[in-house]
Each structure stands twice: as C-alpha cells, then as structure tokens.
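Q: The task is simple: from the sequences and hints, build the whole structure.
Protein chains in written order, with numbering that gives the first Met the number 0: chain P, 0 to 198; chain F, 0 to 736.
Read the hints as simulated data drawn from the structure, not as lab findings.
One or more of the hints may lead you astray.
[To be verified] Derived coverage of chain F by chain P (criterion: at least 3 residues anywhere in the stretch with Cβ under 8 Å from a Cβ of chain P; other residues may be distant):
| id | stretch |
| --- | --- |
| 1 | 290-301 |
| 2 | 365-372 |
| 3 | 421-430 |
| 4 | 458-472 |
| 5 | 572-582 |
[Said to hold, decoys possible] Some but not every residue of chain P turned toward chain F, in silico, with C-beta under 7 Å:
| id | residue |
| --- | --- |
| 6 | Cys21 |
| 7 | Glu29 |
| 8 | Asp31 |
| 9 | Gly32 |
| 10 | Ile35 |
| 11 | Asp62 |
| 12 | Ile181 |
| 13 | Gly184 |
| 14 | Thr187 |
| 15 | Asp190 |
Keep in mind it's a predicted model, so treat the numbers as computed, not measured.
Backbone N, C-alpha and C fix where the C-beta goes; we use that ideal spot for every residue, glycine too.
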Amino acid sequence: MFNSKKTFFYALLLASFAFTSCDSDDPEAENDGEVITDVILNFQELNAAGTPTGAITSFKASDPQGIEVGATPTIQNVTLTKGKTYQLKIEVRNSIENEDITAEILTEADEHQFYFLGTAFVGSGVLTYTYADPTGDLLGVVGKVVVAQNPGFNNANMRIVLRHALDKNFSGATNPNFENFIQAGGETDLDITFPLILN
Amino acid sequence: MIHLENNEPIEAAYIWVTEAAQGAVSDQTGNFNIKNLCPGTYAISIQYLGHREIKDTINLKDNSFNKTYRLEEESFNLAGVEIHGHRDAVQTTTAVTALYGEALMEARGENLGESLKRIAGVTTFSTGNTISKPVIHGMHSNRIMILNNGIRLEGQQWGAEHAPEIDPFLADEITVIKGAETVRYGPEAMGGVILVNPTPLFTKKQSLTELNLIGGSNSQLGNIAISHSGGSGKIKGLGYRVQGSAKRAGNVKSPDYYQNNTGMSELNFSGSIGYSSPKLGIETYYSFFNTSIGILRDAHTGNLSDLENIIQNGRPFTDGTFTYSIDNPKQVVSHHLAKLKSHYHLNENWKLNAQYGFQLNIREEYDRRRGDLNNKPSLDLQLYTNTLDLFLDHTHKNEFSGTWGVNVIQQANTNIPGTGVTPLIPNYDMVNLGFYVLEKYSKGPVELEGGLRFDIRSIQTARYINNELQQADLNYQNFSAFFGGLFQLSPTLSLSSNLGSAWRPPNVNELFSQGLHHGAAAIEIGDPNLNSEKSFKWVNELGYNFKKLSLEITGYANQIQNYIYINPTGEKVVSLRGTFNVYEYLQATAFFYGFDFAGSYQFTDNLSGYAKGSIIRAKNTDENNYFPFIPSDRMDWGIAYNFGKNANSQTNKLTLSNILVAKQRREPDFDIAAAPPAYALFNLAYQRGIDLKGNKLNLGLQVHNLFNTSYKEYMNRFRYFTDDIGQNFLLKINYQF
Numbered sequence: 000m001f002n003s004k005k006t007f008f009y010a011l012l013l014a015s016f017a018f019t020s021c022d023s024d025d026p027e028a029e030n031d032g033e034v035i036t037d038v039i040l041n042f043q044e045l046n047a048a049g050t051p052t053g054a055i056t057s058f059k060a061s062d063p064q065g066i067e068v069g070a071t072p073t074i075q076n077v078t079l080t081k082g083k084t085y086q087l088k089i090e091v092r093n094s095i096e097n098e099d100i101t102a103e104i105l106t107e108a109d110e111h112q113f114y115f116l117g118t119a120f121v122g123s124g125v126l127t128y129t130y131a132d133p134t135g136d137l138l139g140v141v142g143k144v145v146v147a148q149n150p151g152f153n154n155a156n157m158r159i160v161l162r163h164a165l166d167k168n169f170s171g172a173t174n175p176n177f178e179n180f181i182q183a184g185g186e187t188d189l190d191i192t193f194p195l196i197l198n
Numbered sequence: 000m001i002h003l004e005n006n007e008p009i010e011a012a013y014i015w016v017t018e019a020a021q022g023a024v025s026d027q028t029g030n031f032n033i034k035n036l037c038p039g040t041y042a043i044s045i046q047y048l049g050h051r052e053i054k055d056t057i058n059l060k061d062n063s064f065n066k067t068y069r070l071e072e073e074s075f076n077l078a079g080v081e082i083h084g085h086r087d088a089v090q091t092t093t094a095v096t097a098l099y100g101e102a103l104m105e106a107r108g109e110n111l112g113e114s115l116k117r118i119a120g121v122t123t124f125s126t127g128n129t130i131s132k133p134v135i136h137g138m139h140s141n142r143i144m145i146l147n148n149g150i151r152l153e154g155q156q157w158g159a160e161h162a163p164e165i166d167p168f169l170a171d172e173i174t175v176i177k178g179a180e181t182v183r184y185g186p187e188a189m190g191g192v193i194l195v196n197p198t199p200l201f202t203k204k205q206s207l208t209e210l211n212l213i214g215g216s217n218s219q220l221g222n223i224a225i226s227h228s229g230g231s232g233k234i235k236g237l238g239y240r241v242q243g244s245a246k247r248a249g250n251v252k253s254p255d256y257y258q259n260n261t262g263m264s265e266l267n268f269s270g271s272i273g274y275s276s277p278k279l280g281i282e283t284y285y286s287f288f289n290t291s292i293g294i295l296r297d298a299h300t301g302n303l304s305d306l307e308n309i310i311q312n313g314r315p316f317t318d319g320t321f322t323y324s325i326d327n328p329k330q331v332v333s334h335h336l337a338k339l340k341s342h343y344h345l346n347e348n349w350k351l352n353a354q355y356g357f358q359l360n361i362r363e364e365y366d367r368r369r370g371d372l373n374n375k376p377s378l379d380l381q382l383y384t385n386t387l388d389l390f391l392d393h394t395h396k397n398e399f400s401g402t403w404g405v406n407v408i409q410q411a412n413t414n415i416p417g418t419g420v421t422p423l424i425p426n427y428d429m430v431n432l433g434f435y436v437l438e439k440y441s442k443g444p445v446e447l448e449g450g451l452r453f454d455i456r457s458i459q460t461a462r463y464i465n466n467e468l469q470q471a472d473l474n475y476q477n478f479s480a481f482f483g484g485l486f487q488l489s490p491t492l493s494l495s496s497n498l499g500s501a502w503r504p505p506n507v508n509e510l511f512s513q514g515l516h517h518g519a520a521a522i523e524i525g526d527p528n529l530n531s532e533k534s535f536k537w538v539n540e541l542g543y544n545f546k547k548l549s550l551e552i553t554g555y556a557n558q559i560q561n562y563i564y565i566n567p568t569g570e571k572v573v574s575l576r577g578t579f580n581v582y583e584y585l586q587a588t589a590f591f592y593g594f595d596f597a598g599s600y601q602f603t604d605n606l607s608g609y610a611k612g613s614i615i616r617a618k619n620t621d622e623n624n625y626f627p628f629i630p631s632d633r634m635d636w637g638i639a640y641n642f643g644k645n646a647n648s649q650t651n652k653l654t655l656s657n658i659l660v661a662k663q664r665r666e667p668d669f670d671i672a673a674a675p676p677a678y679a680l681f682n683l684a685y686q687r688g689i690d691l692k693g694n695k696l697n698l699g700l701q702v703h704n705l706f707n708t709s710y711k712e713y714m715n716r717f718r719y720f721t722d723d724i725g726q727n728f729l730l731k732i733n734y735q736f
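A: Encoded structure:
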C-alpha cells in the first residue's frame, strides 16, 4: 500500500515539523523608559535685575511605581512668599531607571509645552507665569513666577500640565494659562495639582 | 427550400404562416405542404438554424401555390453559456453562506471584515476605518476562527485592534460557517468559522491571469492585485498559482474633516504549486501578508480627562489634512504562512490526509513617545505556530462517510526585548492536542451528521514585572460534540439544524494583561484563574427557492458558560499622568440569540430587489445586564435594474441600496460614551461585464455613503473620537485573460 516514495515524504513532513518547532525566548526585564516617577519644582528668587539669587527651594510630586493600581502619588505643598518674583525650573525624572526626562523634553521642545493652571494662575492673579526658556521656546522648563503682593485669597492650587505632540501654533496655545489646551491636540503626559501656601 | 450556396435541398427548415397560425417542416427533398388554406394574402416566415430568416408575403389565388426559397447561410455567434453552480467549501449541516463570483468582485479592495459585512449575520468590530474584525452572530476575535487555505490563522487575534492578517485577494471564495465547529476545526470555533479559499489548482494545461485595479476617492486609495494560474502540459496533474497585491491609502475623510494619521499600506504575496494524480495529491502553499496602519492621532489619549474631553467634543479638535504618510501611533504587522498538504487514496473507500502549517506573526505597535523611544515599538511580538493535521476520510457504498483525525497545535510567543515597556502579555509556549471523529449518514433528502472531539492544552508563561519573574503553568482539557441534520423537505424548501458544543480556553491577555491601554484611558488587569468558556450553539436554517423568490432564514441560540468579558471595577488610578479607569476580566453566563435573513425577488426580467438583515440579543444572565460591543439591529435592502436582456449572461446592472442601522439600546451598565444614534446610508453601484474575445472585463463603479452622511457606528471603537468615513467613489476594474 505504501511505496517508498510516500514513506519518505511523510518522514520529511514529520521531520520538518520537529525542525521548525520552537520555544519562546526567555523573558527579559524591560526598562520602563516612559515612566515619570518624580516631578520637582525648583524655585529660586529673582532680584530686581532678574538674576537668580539665594537658595533653591524644591517641591516634589512623586509616584515611585509609576502608574499602578492602589498607589497614589505624594505631592508636597508649595510654599512661596508674597510679593516676590521667582525663577521656576521644572525637573522631570524616572527614578526607577534613574533617568532625567527633562533632557528629552528639551530635545523635543517643539512637541512639548507646560501649562500653568488652577486657581493660583487662572483668573486670580495670585501667581503670574511667563515662559523664560533660555532657548526662546515656549516650553516652560524654565519660567518666571510673580507672587502677588496682596493676593485675594490663600490656599490656591497650582495645576501643572505637560502636553505632548500638541500644535504649538494653535490659537491661544502660547498663553501659559491656556485652559483649552486640549483643543491644540496632543495628549497629557503630566497633570499634577500642587497645593499652594503663601507666607 | 434549397441552400443558396449549393442548391442542395434543406431538410427540417420551418415555415410559419402567420394568418393561418399553421406551420410545417420541410422534408428530405426540401419540400413541404400546407393544406386547407383559403385564398388571400399571407405573411410567411421561413427559418433554419444557421441561415437568415426569410419573410415573405404571398398572394394565394387558386388551389396550389409553388415557390422556391433559397436560404442564405448566416454565421451567428451564440453568446457563451455560463453555468452558474456552487458547491460549498465545506460539507456541513450547519448554516453556511459564501461570498464568491460577482458579490466578491464588488467587495474587492475592502479588507476581510468589510467584505464579509455582505453576509447576513456578519458585522464588524472595528478600530477606525482601516482595522476591522469580522463578527459572526455577535462573536469575534478568539471566539471565531479564520482559515487561510485550510490552516487556522494564528495571529494576535486577542486584541480588539488586531485585524486578521490575511489578504482577501487570495480568495476565490470566502465562506462563513455560522455554527459551532470546534469538533472539525479545534478550540475557539465557538461563534463560527471563516474559510478563505483560493480556487483549486489547474490539473491540465490551462492558464488564467486576473488583474484587479481599484481606486477610491476617499483616502485616495489605490489597490492593485494580480494572480496567475497555470497547469502543465508536460506533467499531467501539475499546477501552480502566484498572486500578489499592493494597497496604499492616505488619511480617511469623514464628511467634515480628515482623520489625522489614518493612512495604511499593504503588500501581500502568495504562491502555490500542486500535483494531483488519481491516487496522490500534494500541494504546497505560502502566503505573506504585510501591513502598516496608522492609528487616529486623537485616539491616543494621555489620561481620562483627555478622553472625556474628546468624547464630549465628538470629533477630533483639529480638522486634519490629507497625507499618505503614516506617523506614530501605528502598527506594523507581517504574517508568513506556509503549508504542505497531501492526500493519498489507500483504496476506493479510504483516503489518508496530512497537512502541516507553519506560521510566523510579527507585530510591532508604535506609540507616541519621547526621544529615541519613538522609533522603538512599545509592543513587539513574534508568534510562531506549527499545526499538524493527520486524518483519514472514508466514503462507503452504503450511506456512511466520515473523518477520523488528530490535530496538533504548537505555539511560541516571544516579546522582543528593548521596547521600554513591560509587556502587555507574557512570553508563552502552548501545545494543543486534539482527537476527533466525524460521521455522516445521508440517504435521499436526509443527511445526518455527528462528531466528537477531545482536546488537551498546556500553556507555560513567563514575564518580568518590576524585575520579578512571574511564571505560570496552565492546563485545560475539554470534550466537545455536535449533531446536525439537513433535510430537503421539498424541491423548494430545505431545513438544516445543528446543535454543537464548543469551548475556548482563556486567552493569554485575559489571564495576564496588566497595563495601560491608551485608546481607552484604561488599565486592564487579567485574572490567571479564569476557566475555559463552554458553549452550546443551536443553529437552524430554512431555505426556500421558488421561481422568482429566494429566501434564507437563520435562527440561533448560543449559551456560554464562563463567558469572559472586561468590566470596569469603578476604581480609578491616580498618577502623575492623571486619572485612569480600571478594568478587570470577569466571567458570567451569557445567552446570545437572534436571527438573520436574506432574500431576493425578481419583479420583472430587469428589476429585482433584495433585503438582508440581522438581529442579535446578548445578555449576561447572571447579572441580568448587557455586554458591550454587541451589534445593533440592522438591515440592508436595495433594488437592482439589469439593463441587459434576460438571456444575456453579461452583467449590466445598477444597484441602489440602503443600509439601516438601529441605535444599540441594550447598552452595558457602564460605557465611557453612550451608544451613537441610528443611521441610514445609501450606496450606489454599477457593475458591467464585457466579453473581449474570450477575455473578460468587469467594470464596477460604486458610491458608498452617497449623501456624505455623518454617522457613528456602535461597533467602531473610534466612535468615541470621530465620525465614520464619508462619501467614497470607487472604480473597480477586473480583467481576466
């Protein structure tokens, strides 16, 4: 019933099955490069000439595991003094991989922009923000914050949003307090609300 | 009555005297007699095959009248006679519907999911306008099965945005089996099976080349497909086919704006060579599918607030522009499939079959990311699958026939390291072993069929989460069975009924998903303790065909235990990025039922009408609520006017159709956006077949969404972000030579 040709054919078929049969590779741990675990706001007082003077005061928001169910970020209160003008430098880090993400944001200045919202910035005049990035980009990694001499109220909140892949030429997008930032397209990379205490 | 050319007498010419309503046939000598006519004037006509008809008027005055007519030979070409017949790709007692011939030609240029929407009961689950998955009776992804030329397609079908990796151009016929077919095809074939089959290879000296050219105005689509089949004259039984297609489309246009980054490109190839003799048949086949698909930029949201904002806006914030270029987010997918199949007739009753398939699926998904990461995929999967089928067919002189077989599936899934993202699903190895037997009894108008199958499956998984190795070792096993019958109740009426059990082990993503889903601003969490889904599907089909009316009604009920679905926990995750919803995989008893209908009626020789539609109800009977993404009630009806004469086999037809889709009122308790309203679309299609000296040219001109209606489809996941596709003019040229 079986001729030798036939037997050979089936032997080959089975051999090819065994030959190409393969196992999955051993898994490797991934460096979660996109994760942001720490956002640090570095405030330094500016003198009348606009030169930073004195000590840097830092306030931090951190979420050591990145996005994880059950874990909530820890956000420090921001304490500033009435009537003073500060330089604000924002630092973004991935502490899991010990990476400075600020550098990446600076490299892609044309695709990123910080917006400064919340009751501290919008409508109240408690804080006034101006972009002051050395490169001239409207980015918000470096900016100037003026604290009102006589703010209408205390305990305002500072909402800081980092948008990625937005249309920076969108009408209104140059305003650091642009509430309709979503209309400029793109997506949110950071959205943190810091409580503000004024002395 | 004599020939004009040679004066030979003509026998069997026919003469007709109109006024007297009398006729006669000439005898061997060419003479005929008509008697008992009154004097007067008569119109006569004389006809003989292959000769010009003579019409004459004679004046009959006396008792006899003689005249000699010479018939002139006339060459007359009869139009080729096409025999329209169809044999289903699978002989089963379940409801089967196929897309082939003219209907398939009209669907050319569309992806598999879109093409199959032409079959009642089949809808799509889509992600935008370029990714669509077929849905049979409310089931999709891993609950249905797709066979590419007999090999079960093994891609990453678990993903809602993972379209089947197959080029519809390789098919000459696409068949949908609407029943549970786990016994025949293995686990997962719960809701139905789709068979994508090319024509059988030529076995004698013959050749056929087919060229398809398609252009579409919306997204400026260009599509070319060529296939060539040949048979050897030297070696009897040797045949081959090569086939390829290329497709390019840019941003899709909704009625009011372009959808940014929705272009796609596709490049596919397949080849096949086979030998067939009375005893032995061997066929090798290889197909390659390769696509890049842009994902709507606005669908990639940063957090829940982004998502809620765009849902409220109902459309992208920007108008978009036209471009062919594809940016991140995007998918780059390729799929290799090789097959070796052979059968050998042991004797006149027994046939031994062996089929081996190798598949490699490579899926890369790119997100919008910072820096160098933007050039790296965030999901990079390689899936190897080996399938081996050994089965024995028997046909006997008595009424029994059947198949006994063994089926082995071996699979290895690897995450290619370096994505910078913890993999959504782990690496895994899977082996599935199945044994089955199918027997059929057929006598006269009755056909009964039953089958049994036993499967065992083992899966080992491994993945690092937060630098911790997590491993799992899972085993599943299951019996499945079916029984069905086909009854020809009368020459016009047939009934089929099939009751089948089916099963599906939980998918790796359902077991182990852990991570952020950007399109849904959701964190999805798998459950490693899920059990296998087990279903019972009962499908009945009634077919009626009489003169001008043809009707097909399919009714079904499908109960599924341990139906796996994704459900919001109500919990929200707060992070520096913002807030996200948390979803988990749960199991419940599901009950699906519904019916499909398809019918046509020939009003006059030129005018015909058709209607088809489907109604599905799906309920979570444990919680007494509804599942998400179940197609709403829909209907497609239209009228066609055929300009050609009735006997003319060349198509020359204009069809106006209207698609009516109801709002899905049976919504789950939670959805991030309410179901969109009902909509109605009009389509116009003109199809013309032209015979060019034996070569066939088919021209199709179609307008989809004739009135450029803005609408959203419940089954399209991007209804959250955008309107569906707008008006589209399509030109489809098919040439066969």
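Q: Does each hint fit the structure? Answer for all of them.
A: Results of checking the hints against the structure:
1. 290-301: holds (count 5)
2. 365-372: Per the Cβ count (5), the hint holds.
3. 421-430: Coverage by chain P holds for the stretch 421-430 of chain F (6 residues, Cβ < 8 Å).
4. 458-472: holds (count 6)
5. 572-582: Coverage by chain P holds here, the residue count being 8 at a Cβ distance below 8 Å.
6. Cys21: Since the shortest Cβ distance to chain F is 5 Å, the answer is holds.
7. Glu29: Cβ of Glu29 of chain P sits 5 Å from chain F, so the hint holds.
8. Asp31: holds (6 Å)
9. Gly32: holds (4 Å)
10. Ile35: holds (5 Å)
11. Asp62: holds (5 Å)
12. Ile181: holds (5 Å)
13. Gly184: Holds - the Cβ of Gly184 of chain P comes within 7 Å of chain F, reaching about 5 Å at its closest.
14. Thr187: Check passed: Cβ of Thr187 of chain P comes within 3 Å of chain F, closer than 7 Å.
15. Asp190: holds (4 Å)
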